[in-house]
Amino acid sequence: TGKDVTILIGPEGDFTPEEVEMSVKAGFTPATFGNTRLRTETAALYAVSAIHVINDLKK
174 TGKDVTILIG PEGDFTPEEV EMSVKAGFTP ATFGNTRLRT ETAALYAVSA IHVINDLKK
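Each residue of the sequence shown is one higher than the one before, counting from 174 in this note's numbering.
Just so you know, the hints here were simulated from the structure itself, not pulled from any lab data. Some hints here could point you the wrong way.
Pairwise CB distance ranges (calculated) [said to hold, decoys possible]:
(1) 190 - 230: 18 to 24 Å
(2) 225 - 194: 17 to 23 Å
(3) 231 - 206: 19 to 25 Å
(4) 221 - 188: 16 to 22 Å
(5) 226 - 189: 14 to 20 Å
(6) 182 - 231: 20 to 26 Å
(7) 230 - 177: 16 to 22 Å
(8) 188 - 218: 25 to 31 Å
(9) 227 - 186: 23 to 29 Å
(10) 197 - 175: 22 to 28 Å
(11) 226 - 183: 16 to 22 Å
Just so it is clear, CB atoms sit at the ideal spot from N, CA and C, and this is done for glycine as well.
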């Protein structure tokens, strides 16, 4: 709601534990789509849609 959001989309094989640790230290909040495997461009659309739904639920 009025805040900037940066989405970090991982590779097909997932992030390494070291990459997760570095991203958390950089201020990212880990999130997952569960066992769903998506192409990069689809994952980006999915993530943006999920953020819109979350923001709508907060209203």
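Against the structure, the hints come out as follows:
| no. | hint | result |
| --- | --- | --- |
| 1 | 190 - 230: 18 to 24 Å | violated, 31 Å |
| 2 | 225 - 194: 17 to 23 Å | violated, 29 Å |
| 3 | 231 - 206: 19 to 25 Å | holds, 20 Å |
| 4 | 221 - 188: 16 to 22 Å | holds, 19 Å |
| 5 | 226 - 189: 14 to 20 Å | violated, 29 Å |
| 6 | 182 - 231: 20 to 26 Å | holds, 23 Å |
| 7 | 230 - 177: 16 to 22 Å | holds, 19 Å |
| 8 | 188 - 218: 25 to 31 Å | violated, 20 Å |
| 9 | 227 - 186: 23 to 29 Å | holds, 27 Å |
| 10 | 197 - 175: 22 to 28 Å | holds, 24 Å |
| 11 | 226 - 183: 16 to 22 Å | holds, 21 Å |
The structure fails to meet hints 1, 2, 5, 8 from the earlier list, while all remaining hints are met.
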